[in-house]
Each structure stands twice: as C-alpha cells, then as structure tokens.
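Take any residue in the sequence shown, count from 1 to its spot, add 4: that is its number in the numbering used here.
Rather than coming from a laboratory, the hints here were simulated on the basis of the structure.
Accuracy of the hints is not assured; some may be wrong.
Claimed, not checked - Below, a list of computed lysine-lysine pairs in the BS3-like style, where the Cα atoms sit at most 25 Å apart: (1) Lys167 - Lys137; (2) Lys137 - Lys22; (3) Lys290 - Lys22; (4) Lys22 - Lys193; (5) Lys137 - Lys290; (6) Lys232 - Lys260; (7) Lys167 - Lys193.
Keep in mind that this is a model prediction, so the values were computed, not measured.
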Amino acid sequence: MPHLETDDLSIAYEDMGKPDGDPVLFLHGWPDDASTWDNVAERLQSEPLRLIIPTLRGFGQTVFRNAETPRTANSGILALDAIALMDGLGIDRFSVVGHDWGSNIAEALAVGWPDRVQRMALLASPPRLGGAKTSPFWHAQLQWYHWFMATDRGAEAVANDPKEFAHIHWTNWSPDGWFDEATFNAVAKSFENPDWVPVTLHSYRARWDEAEPDPRSQWLETRIEDTKTLALPVLYFQGREDGVNPPAVSQNVSEKFSGPFSRILLQNVGHFPQREDPETVSKELKLFLTR
C-alpha cells in the first residue's frame with residue numbers, strides 16, 4: 005500500500021480504478037478501516053472513476069510523523085488530512101463518499117472547500133450542519149459509548165481492551181450474523197495502531213465539548229456550525245436496522261440540503277451498508293457518481 009507524506013502524517017491509501025477517471029474519495033468510519041470499501045470498489049473499478057481510499061489517522065498503517073503532534077480527531081482536522089492527501093495527489097475537484105466518521109468528514113470538506121467537492125454520498129451518519137445538538141434521551145441511550153468515553157474510567161477501559169470495545173459495536177449496530185469473526189479480526193489489526201485509542205477518545209470527546217478541537221481546524225468547525233444547508237448533489241444511505249443511528253435520526257436530513265437529494269432505505273441492513281449490502285450500495289453509487 006502506498007503512503008503519502010503530509011506535514012503531520014504518513015497516510016496509507018489505495019489508488020485504483022481509471023487513472024484518468026473522475027476522482028472519488030472514499031472515507032471509512034469507526035470502528036472500521038479502509039477495507040470497508042473493498043466490495044464496493046471491486047464493483048466500481050470498471051467505471052470511469054478514479055478511487056482514492058485512505059486510512060484515517062490513528063488507524064492501521066497511517067501513522068503520525070512526529071511524537072509532538074496532538075492525537076486529535078475532530079471532523080475538521082480529519083478533513084484537513086483529506087485535503088492534504090488530495091493536494092499531494094494533485095487532485096483539485098472530486099466527489100466524496102463517507103461512512104460514519106467519513107460521513108462527517110465529507111460534510112466538512114463540502115463546507116470548507118465547496119469549489120472542490122462536486123457531489124457527496126453519506127452512509128449511516130447524518131450531517132452536523134448548524135452545530136451538534138444534544139441527543140434526545142432515546143438516541144443518547146444508543147450513544148452510550150460516547151458518554152462512556154467522556155469519563156476517565158471509561159477511557160481507561162477502552163485503552164485496556166480496544167478490540168472488545170470495537171467488537172460490541174459491530175454486534176449491536178446491525179442484524180445478528182451480519183459478519184464473521186475472521187473479518188472482524190482482520191479489521192481489528194487496524195486498531196493495534198498505538199494512536200487508535202487517543203484518536204478515538206478525542207473524536208468523541210470533542211463532539212460534545214469534553215475536549216477542544218484541534219486549533220488548526222477551529223475555523224472549519226466554526227464554519228460547519230454556521231452553515232445551515234449545502235447545495236451540492238447528495239445521496240444518503242440509511243439502514244432500516246441501524247442500531248445506533250436508526251431511520252428516525254435521518255428522516256429530516258433532506259432539510260440540510262438545497263440541491264438534488266436522495267435518501268435510500270436499505271432493508272435488513274444496519275450501520276455498515278457498504279459491508280452488509282455492497283451490491284445495492286455500488287449500484288446506487290454508480291448511478292450517482294457517473295450521471
């Protein structure tokens with residue numbers, strides 16, 4: 005897997021498909037890694053698309069270059085990582101597809117660089133436009149892990165057993181039997197990165213003001229809070245059986261977008277649509293990205 009050096013990171017990434025095709029940036033979520041796109045990318049390789057699939061900071065083979073760099077992971081700083089990657093590859097305009105964390109990074113890219121992001125597909129996590137609101141009690145119950153990580157004892161527990169912490173979400177967020185243990189164990193190797201725990205903790209603490217965002221990205225976080233709607237074409241994938249962001253969370257998501265918008269509900273699918281139903285996700289992405 006090639007790496008691209010930025011000021012902060014050595015970013016592991018895949019560059020596949022048609023070298024002269026329309027660039028598409030694929031961003032994975034948590035707790036997952038870039039292999040989440042394997043079955044989708046395989047189905048899209050014959051299309052006139054160039055597929056850029058990086059591993060996020062703190063995961064797998066993407067490593068920090070300096071011990072002094074803060075292990076931050078708010079959406080804004082992750083978006084700056086993504087822009088640094090695309091700049092390094094010489095890619096100006098592109099579409100972006102994001103799952104979970106990747107969904108919020110995609111949104112941050114569209115807010116911060118509207119002249120560069122052509123269209124956007126979001127999977128399983130609604131946008132943060134207008135600022136994060138405190139979750140209603142029923143949703144906060146599903147987000148227990150957010151609040152768990154906001155405590156010192158919770159953070160210690162995650163550090164002591166990060167793989168089991170990740171595993172319980174794979175189990176709880178989608179229908180029974182959707183994955184095999186061999187697949188999870190392969191992905192969990194990405195969580196052996198020594199920065200996975202601090203990156204994870206900062207990401208969730210920062211979104212509820214229990215930690216400060218990386219100062220270099222404050223301008224972007226402020227712009228996300230101040231932005232009410234986006235006008236680019238958007239495709240949203242929602243699993244009907246999503247155990248952390250169920251359909252009720254995204255039923256009004258179209259109000260955040262003034263451009264062409266479509267929300268696709270997937271039967272018998274939970275929080276990982278690209279892994280659980282790659283055939284449908286690939287078919288819809290093909291139509292969306294090549295029209």
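We went through each hint and held it up to the structure:
Between Lys167 and Lys137, the direct Cα distance comes to roughly 29 Å. Violation of the 25 Å bound is thereby established for this hinted pair. Distance hint between Lys137 and Lys22 is unfulfilled; the C-alpha atoms sit about 41 Å from each other, more than 25 Å. Taking the CA atoms of Lys290 and Lys22, the gap is about 14 Å. The hint holds against a cut of 25 Å. Under the criterion of a C-alpha separation no larger than 25 Å, the hint pairing Lys22 with Lys193 is inconsistent with the structure, at around 29 Å.
Only pairs whose Cα atoms come within 25 Å are accepted, and Lys137 paired with Lys290 is rejected, the gap being roughly 33 Å. Taking the CA atoms of Lys232 and Lys260, the gap is about 6 Å. The hint holds against a cut of 25 Å. For the hint linking Lys167 to Lys193, the alpha-carbon distance of about 9 Å falls within 25 Å, and the restraint holds.
Figure legend: structure checked against the earlier numbered hints; hints not met, in rising order: 1, 2, 4 and 5.
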